[in-house]
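Each chain sits in its own coordinate frame; assemble them with the hints.
In order, the protein sequence lines correspond to chains A and B.
Just so we're aligned, residue 0 is where the first sequence starts under numbering that gives the first Met the number 0, counting upward by one.
Just so we're aligned, residue 0 is where the second sequence starts under numbering that gives the first Met the number 0, counting upward by one.
Calculated from the structure, these hints are not laboratory results.
Check the hints yourself; a few may be wrong.
What the hints assert, rightly or not - Each computed DSBU-like pair below joins lysine-lysine, with the alpha-carbon atoms no more than 35 Å apart:
| # | chain 1 | residue 1 | chain 2 | residue 2 |
| --- | --- | --- | --- | --- |
| 1 | B | 154 | B | 139 |
| 2 | A | 93 | B | 89 |
| 3 | A | 100 | B | 139 |
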Amino acid sequence: MLEIVVVAFLAVGIFFMVVGAVGLLRFPDFYTRLHATGKCDTLGEVLIIVGLLLYHLFHYPETPLVCVKLLFLILFIFITNPTATYALMRSAYKTGVKPWKLGDERQ
Amino acid sequence: MRGKGFGILVTFCVMFLFWLLLSGIFDTLHLTAGLVCSAIVALISHDLIIKGDEEKILSKSFKLAIYIPWELWQIVLANFDVAYRVLHPKMPIDPLIIEFDTTLQSDLALVTLANSITLTPGTITIGITNGRFSVHAIAKEPAEALTVDGTMQQKVADVYMEW
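Bound conformation, chain B alone (with noise of 0.2 Å):
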């Protein structure tokens, strides 16, 4: 029941802090209009967002924060690639698909991988079905590094804390 609580709570807090956000006005009706929606939502859909006990979840947030700045890295290395590509007089591809297992068990687990992949250097997430990742590559070497050394996989599973 405690877990409850703070899913509440933290769904209420954040709720509210959207809501100063998007109205931008600070007075008394808006404000008490603000509070009574953020906690009619928060009481009524805080299981969709938080799971699980609280420990947990402070440990993911603070993981996935660090997890972020790797993508974002991750990113830009994938734009460089693609317009080498693009630009390049011969245009260097060699697209295939290629498929791997994962042990990845959650959902949330299962789309930021899914989103990474998309994201990172020459590759694209066609589908996953039962734990098995359908990936589209532009050439061998993304692919390569997709599923030979899976230190994306291994961060995912460490953010999710998933071994």
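Okay, chain A solo, but in the shape it has when bound (with noise of 0.2 Å):
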């Protein structure tokens, strides 16, 4: 039971990551690729560590520390894997690079 429950966690985070994978191949432009790898990446990764932590949980109990250090991670993800998609956009913003418009080519 609980082998499904982690195989299920790691298998959706897995399918985000792919997803944002395909997203950048896919999308035309710059901004619109970081849509997809910046929102695909922080939900992937913290499901995967999700996954993780309860196996360790379950099989490994006696020391629990790993898992607390497994949630700061999570929250470590979740505070800076925005900012960065934020700092990339600004710096992309500021030194020129053209937005995609709908009907252009891709670039």
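Next up, the structure:
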């Protein structure tokens, strides 16, 4: 039963990471690509970590500190991922990368 | 002066808990070293983390705890939104850049709103200049959801008590 839940978390996490990668390839310009990677990576990574956390919690209950450390990783990902996305967006915008509009060529 | 002592105490407790978490060793030497280091850090940098008086901070933390689950739900929605747009054969995107003003004042509130916009469906913050947000939206609907209804801005203002 536990294995099923853990595998489900890992699978959904990997699904979102793959969607992020597909979006990186399909979307037409820098800004829209950031939409795909910035969002999907956040949830994908968090789901994978939750899966690992559950697995560790039930198989190695003698070291619960590892689980707390994983929880902190989730917290840091939630703070740093949008901040990094924002930093990339802002520097691209300031250096004059043109946003793609409907009907334009792919960049 | 009462506020300062409270700030030092909270910073010290947080630092020491974090020390315990990362070291995981509970003998006298490591505990003493942790206590000394946490005290030094708390004395030097307490005003970086905790500002203002204690009642406000407590109620802010409480409101933030209510805000975070709502934000998590928004992140899940955002991912399904992006997944739909990525995997749809016709790729229904129509990017545009919008600007809107905010009434929020403090840096922390602005950062929270900017990160929340980035994590919610279809929008990413580009920049904030003098209380004016620039946001890149992937299509028209998410842009309108952000500017027209303004739920998120209201919620962030609620958390940091800025009306």
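Here's how the hints hold up against the structure:
1. With a CA separation close to 22 Å, the supplied pair residue 154 of chain B and residue 139 of chain B stays within the 35 Å bound.
2. Of the supplied pair hints, the one linking residue 93 of chain A and residue 89 of chain B holds, its CA atoms being roughly 30 Å apart against a limit of 35 Å.
3. Distance check on the hinted pair: residue 100 of chain A and residue 139 of chain B sit about 12 Å apart at the alpha-carbon level, within 35 Å; holds.
Consistency with the previously given hints is maintained throughout, with no hint failing.
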